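> The lines below spell out each chain.
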Amino acid sequence: MKAILRFVVALGSALAALPAAAVLNVFACEPEWSALAQELGGDKVSVYSATTALQDPHRVEARPSLIARIRSADLLVCSGSELEIGWVPLLLTQSGNSKIQLGTPGYFEASQYVARLEIPKVIDRALGDIHPGGNPHVHTDPRNIARIAPVLMERMAQIDPANADSYRSRGKAFLERWQAAIARWEQQAAPLKGVPIVVYHKDFSYFINWTGMREAGSLEPKPGIPPTPSHLAELVDQMKRAPAKVIIYSPYNSPQAAEFLSGRTNIPAVMIPFTVGGTDKAKDLFGLFDDTIARLLGAVK
Amino acid sequence: MYRKATMALAVAAALGLPHAATAQTQDELRTLREQVRQLDRRVTDAEQAAIQASSRPASESAMNPAVSVILNGIYSNLSQDPNTFRINGFAPTLGDVGPGVRGFSLGESELALAANIDHHFRGTLIASISPDDTIGVEEGYIQTLSLSYGFTIKAGRFFSAVGYQNQIHAHAWDFTDAPLANKVFLGNQLNEDGIQLKWVAPTDLYFDVGIEAGRGRQFPAGPAGGRNKNGVSSGTLFAHIGGDAGMGTAWQTGVSYLGTSPQDRAFEDPAGTTNSFTGQSRLWVLDGILKWAPNYNPTYTNFKLQGEYFRRKEDGDLTSGTAGQTGGFASVQSGWYLQGVYQFVPMWRVGYRYDRLNSGTPGFSAPLDAADFPILAPYNPTRHTVMVDWSPSEFSRVRLQAASDKSRGDVTDNQVFLQYIVSLGAHGAHKF
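Chains A and B, in that order, give the protein sequences.
The first sequence: position 212 = 212 (this note's numbering), numbered continuously.
The second sequence: position 176 = 176 (this note's numbering), numbered continuously.
Incorrect hints may have been included.
Claimed, not checked - Chain A regions said to be covered by chain B (calculated; three or more residues, Cβ under 8 Å):
| # | segment |
| --- | --- |
| 1 | 53 to 62 |
| 2 | 69 to 79 |
| 3 | 99 to 109 |
| 4 | 224 to 230 |
No lab work stands behind these hints: they were computed from the structure.
In this text the structure is predicted, and so the values were computed from the model without any measurement.
Glycine included, each C-beta is placed from N, C-alpha and C at the ideal position.
So here's chain B without its partners, still in its complex pose (with noise of 0.2 Å):
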């Protein structure tokens, strides 16, 4: 086809050199160039069609859902024994609360796959596999797409929309652990087995409501794996606004209510005693996020401040397992994180984190005291944590972090990881 221009071109030249004086061959050449042009045009065309319509895949595999896996690894160096590990002030979660293990050690590989179902539902299946060789389903759900007027229904097993921090999954939290008030409120994050109900309100100013009725599969409800019961065991309330100021900022801010029943929550005092508790389990979460970036472009600078405060009233009946009596409990209990990070650089930023839990005086009818339960002396742990991290594109990132946690009562763990998270495979997106 080119070869066909190009002799096309040539021929006309020939044909229009010798009567170059004449207005009219000139017209004619002109004629003839654009013939060619659009001939050339044509077969750039054909040729990108081609192109196209081979490189469109025809096999089963192209209805595969959108696969990703995220790898972790951290090298951490700790002064004090992760196996001591405790918060002391505060009931023993039973989840994975503790700094890790020292020396280096593979972080939870999560393996994602996502797709549309059909045009009404869109699935989702995040596995996280242990570097103790266990899978776990970090969340497995289903999610509407059809409904209209703003509501959107998920059911399956998902992060809780309790606070922010809880429903944005480990790999993208910006510092290697969770806050200390996650780890003692919500077990580190909590997922359920269970429904929500969202609403965005058609406002432009940003506003949800939602609920969510869950099984109660984890701290704070109890026992673990969730009562044998029908109906629900756990629900949530949730509310958010959000918005614009400026150009360059972004906010939202939440509020949010977990309440449970814990029935037998048990928990393994330090001193090797199991102790569990039955009763009422109210939790209070107000959050606030705080993005800004120059004309919303975070490519080369940005700042991102993040806090919560979080306030648990429990009461009810606690059981020790020193004096093998039950009597009366009641604890109101709060904590609150307060953090920023910035990208001073394209790839790379800094951030600092301040967490602080208050533990109150815990209050025991008799037969019970204070003595049975050292681990519920009052005590407010603090922690300062910097990071730093490198991110050479959108799909890797090294971490070195350094924390001063005062978690326990009687020493100052100093703690240095450094960490690599990359992802492989489809293209991320995070929530605001």
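So that you can see chain A by itself, here it is in the shape it has in the complex (with noise of 0.2 Å):
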């Protein structure tokens, strides 16, 4: 009996010897998030990534694994304006965690912090998958990312005060390191103003916008309706007569639509890591834009 006895108060004092409430737990919809959350958050943080630079955010299964993350989650970062809702609602719904519901601190949506591109003037499913919120991949635009990280900083700050400290000096930090990287990025991207490009999806508009490329079509007939060999066609056409400079996709698209147009057109296509993970050099937001840049440099030369 002493023994038992002996051996709960033994195990009793090894738990409470453990960290109590150890870190912050994110889960984030994209390695965009995750990353940005990392950057902030430091070893207060326990980030997951929902998706890979290798997944569709707009098709994703809310498999097992991921409820089993987001029951546990403190604060939940996603893109918003629609991009994950195939998947995203039905997570919260069974997570069982009150934390993370709209509404709440710990309920996270990049997209609603900055100016979104691409309202829709009609909404109509004719027009294929649109947002009404607007065109949700706003993270391609380093400025959005200066944007969102002061507001995510505070919401960590806020939903863990203890290390809110923690969370303003790195976030300070980042956001000095990354306004730097801005000005260094818009002095390699100046040769890219005005360039003609064609897209996959539309995800990449808001890195148009910023560096001024012009978008001169998409692979995709309608958003989010995969490539048809008509609309290549017609693509083809288009491209003989107003040539762009260079075809690009992200690595979860299929490079067949792209090397077709390529090789008919004589336009360079190219992958580019469309967010953290997606190239070897993307290893976080910094290497994203680096390699991006880069990568789309080499093309138009």
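Each of the two chains sits in its own frame; use the hints to bring them together as a complex.
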């Protein structure tokens, strides 16, 4: 009996010695937000990215492993603007987690804090899978990251006040480095201004807007509808009349359509990382823009 | 604003040109250019803000729930008369288990409304409008949002968490009709009036466990509509584990139990007499689902393997309509299905399903004997089904399905279905 009691006491003190509420659990819908949360949180956070650069964030299965992760999350960071409408609402209702429901501090939609492009004037499914709230792929403009970072930083400080100072000082340091990087990128990307580009999906609009490139077409006939032979034939004709300088696609897109158009028109097709982890060099947010700009410059020179 | 910017640029150029040689003026020019650029940016931002402000709806309807409508229609070619459909060896479930009518028909149209009620609850109503002009409540429930520690409570009418396929709405099924096992053990699809408590464990490996208490308004409970009594007439227990394997496979497996005490659960023999059962009904289901997509990106190719095993034990009293007598009855019946669906190129999928049921040999005690219940004579139905479907977008699907159905002991029903299923309105989200 005494031995059992001693064991219970020992177990109790061992459990008490474990760090209480160790770290802030962040559930990021996409790798760019997981990277940003990691930059701001450092060792105070444990970040889980629900998707990788090889997944189309529009089409994700609400699989059991995601429910298991969201169940213990303290903060949910997503693009929002209905990008994740096919899976995040389901995860939320199945999570049994009140901390990250819509309207709580633990629910963070990054796109809400920047000016969105391409807000449709007409909302109809005949136009493809359009997002009534505007284009959700806001992270492709680094100035948007600079706008979102301070809000996310404050949100983390609000949820985890014990480490608020850490989030703020890391956030400040990140933003300083980020602003310097933006200045550098804007200089590097100067030759891209006015360059006509063919995209796969309308997921690069913010980058195009930032660098002053010109979108000359998209491989998808309509947002979310895979490329069709007839649409590609039209694009070939269009490119013969007014050639673009580069065709891009993301790691989660099949390269076939881009390569087909490239083969017919001699316009280079380039895979851009699109998000963190999309290429070997895009290890973090800095690498993402370094590599994206380098790949585009390499193609258009 | 733009004109102003252009003018500033022109002025800058005009001022800058004559003195272009000096470094000082070049600096000024640069400053001016920067100012122009900032102005330009401010204009763009202001325009954006204006667009976003104007796009915000300011009417009462802004609080409307998400509305979606599912439409589906079928052309059926059946080699056997659907009016004589039965699954030999098994008691008819009174559910909607038949293959439908021959020729063109409208399937069930669904109207779904869902929204957060407040910060505590979410509400969902799914009404089904049958082609015979009746409206039914398929699901109508509230669900908690504000419980923590992985707990969720659902109350109202909802598809029971017994097995896997039972919780999936018909429009999201991979085949036109339900597996034979779901037809004989759950009357096609069991939706219960009741309450469900579910808990998700705080582990990286998914684990949930739950309990349901219900009215017993449907088969395997009885009588249809539920018993006239207080308390609980049907109970379900379930647990699932699931996770990821490798870079692209997700799996889930579950076990569930449904227990009821049917009273005067009537079924009609094909001969036209009405028999009824009173006793205990216990159903165990093992289910497994495995989904594969390269790097979890199902856009181009993906594969789905799904299977369930059902085992039901019933014992009690059976009253024969023919003999007008009541006697003891006991049966152990089982059934399973396995299906695979493969998307080989974007938009196109093919699938195969195999169904098998084992009726076992029911035990009758005096004064009853097996001859009084021809439908319950031992028989093991099987069915092979193949399908191909085309989904030009996330919102539409056209499916061609062919089946060789040996549900009837004496004949094979060769079935062909051509079906469309579309969804209008709010973007749906489908369960794993």
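> Hint by hint, say whether it matches the structure.
These are the hints, each one checked on the structure:
no. : hint       : verdict
1   : 53 to 62   : holds (count 7)
2   : 69 to 79   : holds (count 3)
3   : 99 to 109  : holds (count 5)
4   : 224 to 230 : holds (count 3)
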